[in-house]
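One line per chain: the protein sequences are U and S, in this order. Number 137 in this note's numbering belongs to position 137 of the first sequence; there are no gaps in the numbering. Number 51 in this note's numbering belongs to position 51 of the second sequence; there are no gaps in the numbering.
No lab work stands behind these hints: they were computed from the structure. For each residue, glycine too, the CB sits at the ideal point set by N, CA and C. Treat each hint with caution, since some may be false.
Heads up, incomplete: computed chain S residues facing chain U, CB under 7 Å, no partners named [stated by the list, open to error]:
| hint | residue |
| --- | --- |
| 1 | Val36 |
| 2 | Asp132 |
| 3 | Ser133 |
| 4 | Thr150 |
| 5 | His155 |
| 6 | Thr197 |
| 7 | Ala251 |
| 8 | Pro254 |
| 9 | Gln255 |
| 10 | Arg320 |
| 11 | Ser322 |
| 12 | Leu415 |
| 13 | Phe436 |
Capping the alpha-carbon separation at 30 Å, the derived lysine-lysine pairs in DSS-like fashion look like this [said to hold, decoys possible]:
| hint | chain 1 | residue 1 | chain 2 | residue 2 |
| --- | --- | --- | --- | --- |
| 14 | U | Lys3 | S | Lys166 |
| 15 | U | Lys134 | S | Lys315 |
| 16 | U | Lys167 | U | Lys183 |
| 17 | U | Lys168 | S | Lys166 |
| 18 | U | Lys128 | S | Lys315 |
| 19 | U | Lys31 | S | Lys92 |
| 20 | U | Lys40 | S | Lys321 |
| 21 | U | Lys128 | S | Lys321 |
| 22 | U | Lys134 | S | Lys166 |
| 23 | S | Lys9 | U | Lys183 |
| 24 | S | Lys166 | S | Lys9 |
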Amino acid sequence: MQKFNQLTGIAAPLDILNVDTDMIIPKQFLKTIQRSGLGKNLFDEMRYTPDGQEVADFVLNQAAYREAEVLVAGDNFGCGSSREHAPWALLDFGIRCVISTSFADIFYNNCFKNGILPIVLPQADVDKLMEDAKRGANATVTIDLESQTIQGPDGGTIAFEVDAFRKKCLLEGLDDIGLTLQKGDAIDAYETDLAEQPWR
Amino acid sequence: MTGTTLYDKIWDAHLVDADSDGNSLLYIDRHLVHEVTSPQAFEGLRMAGRTPRAPHKTLAVADHNIPTTNRAGGLDAIDDPESRLQIETLEKNCAEFGIDYLPMDDIRQGIVHVAGPEQGFTLPGLTIVCGDSHTSTHGAFGALAHGIGTSEVEHVLATQTLIQGKAKNFRINVVGEAPDYITAKDIALAIVGEIGTAGGTGYVLEYAGPAIEALSIEGRMTLCNMSIEAGARAGLVAPDEKTYAFLEGRAKAPQGADWDKAVACWRTLASDADAVFDKEITMDASDLPPLVTWGTSPQDVISIDGAVPNPAEIKDEARRKSTERALDYMGLTAGTPMQEVAIDRVFIGSCTNSRIEDLRAAAAIAKGKTVVDSVSAMVVPGSGLIKLQAEEEGLDKIFIEAGFEWREPGCSMCLAMNADKLQPGERCASTSNRNFEGRQGRGGRTHLVSPEMAAAAAVTGHFTDIRNLKAEG
C-alpha cells in the first residue's frame, strides 16, 4: 500500500450531502477484475453526459480542480454499497484525502486499505475548508498525518483525530494481512477451542 | 455487573486478540463471496503466494451480473463479455482455492443473502461477512453480519479474521401490532426515515419488541437487510423458536446432537434484561401507513397518502439544496400527491424482498388483475429454490396471467449490473433497497416500496394505497 505522510494539493469542493458509492463509481464499472483504471470513470454520471461529453460545471471538470488531490464533501460521504471500487477510483484519479463531517463505515475502512486518508471534522471546519476550496487552484491545503493537522490556504491550522493503528499503517504503508499473520498462534489457539462448537 | 447485549456477546465470543488501542482481531465463522467484489482479493492472494486459511468456511455464488433470462445456455450465453469474465473468474478462483461454489445452473443458486440462509450456512451467534453491504441481512438470525471491502475479503480469506473496532449498541424497539397491510419493508423504511441514512453510523442495531418478534424470519431478513441504509454496521434480531424452526434440517445446519448443543448455546445469546444500550428509540408499528420513498436517499420516506415535500419549507440550506436536487432528478413537483405519481416499471426482487413470503404477498395483490399497458413489470425470485417453490404454489401463473415477467434468480434490477435496467427518466416501483441516482440505470427514478405496494402500482399504473385496494377487494 502507498504510504501517506504529508500531502500538499488542491482541494476540490463537492458540496453535496450523502454522496453514495454508486455516485462515486457507477455499477457498470464494477465489472473489472482489476483495481486500476477506474479514475476516468470517477463520478461518471455526474461528470459526463450520456454521450460521453464532459459536464462543464462538474467540479472535477473545471480547470482549477482537474489535478485535485483532496476532496471536501458534505455529510455522510461514501454511503451505500461496500464497493472498494470507490476508493480505487478516487485513488486512480489522484485523490488521496477526503474531508467531511462524517463517513459511512465501510467506505471509511476501505480508504485506509488503499492509502487514502479520510478526515472527519466538525461542521464549522468543513464549512471553512469548503469555502477555501471554492476559491480554486490557489486554494491548496497541506495535510500532515504525523502531526494530524491541516493547513489551509491562508495559513490557519486545523487539527484532526485519527485512530493510532490506522495512522501507523498509513504512515508506514503496512499490509494488514502481513500484520495479522504475525498473530497466527493466537488464531491457531482460537480455532483449537472451536472444537467445542462443531457447528461453527 | 450490568448485563451484556446480543452484539456484546457475539463480539466477546469471537475475539482472537484485542489491542489496547481499540482495534481487535475478530474471528470470522462464515464468508460469503460473489463475483463482483472478489476477483481482486483472489488475485491478491495469488500475488502474495497465500492460500485461504479455512476454505470450507466460505461459500460462493454468482448473483450480481447474472442474467435473469435465457439461463439454459449457461455461461456461454451471457452476452456481456465483462459479466461473463467476472463469473468465469469466480468459478476458476473457487476451483483453484477449494471453495464451495453454487454454480449458475444449480437450483440452490441465488442472491448470496438469500442462498446463504436457505442452505443453513447462516446460523445464530456467528460472525458472517461478505463483500456486499447487504450482508446485514443475516442479522435476522442473531448473527453479527456485515459488509466488507475487497481488501478485507482478501484479509478474511487469508486469515479467517477481521481487524475491527467495536461499534456501539443501538436498540430499536418496535412496539404495537402491525396492521396486516404493514410489512417488514414498511417498518424498515420507517426506521431509516426516522433515524436517517447516517443515524446508525458507528452502531450495531438491535431490533426488538413485539412487532419484531411477530415478524417471520423472512420479514426479519428484510428488516436487517436495510440496516445499512441507516448507516449501521449491522442489524440484529435475537434468535427465537422461529429462527430454530427455519434452520432445522437445512443442508449446512448442524444435525442431531450437534443441533441440540447449538440451540442450547443460541438460547443464551439474547441481550440480558439489564443490558445497557448506548442509544435506544421506540416506535409504534400499529399506526404506520404503507410507505414509499420520494427522493434519492432511502431516508426520503413518506406515507402513501402523503405528497411530495416542498424544499422551500426546509430551513437548513444544505438539506434544502439536497431536496431540490433530489426532486429535480426524480422529476417530481412539490405538493404532488404520491398516489398521482404514475410509474413505468415495477421490480419485485432483490435481497430485500425476493423470498417466498414476498412473492406470495405480491401475488395476492396481482391475482385476477392485469398490469396496466403502460407498465412493464418483472418478478425475480431470490433463488432457484424459491422459484421452484413459487411455481409449485402456482404463483408464477398468477404473475404471468397478470402480465408480469417471471425471471430467473439474481440481483437483477436492484443494481442493474446485468441487462435488467431502467432507461433514463423511467420511474420504477421497486422492492429493492436503494433509490440512489442511477442505481437502477442511468437517469432511472426509483421509489422503494413493499412487494404488495409494488404489485398494486403495477396493476393501477401509479402508486396506490393498498389499504384502499384491499377494501375494494
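message = When the structure is checked against the list of hints, which entries are broken? Sort them ascending.
response = Checked against the structure, the hints that fail are numbers 7, 9, 10, 22, while the rest are satisfied.
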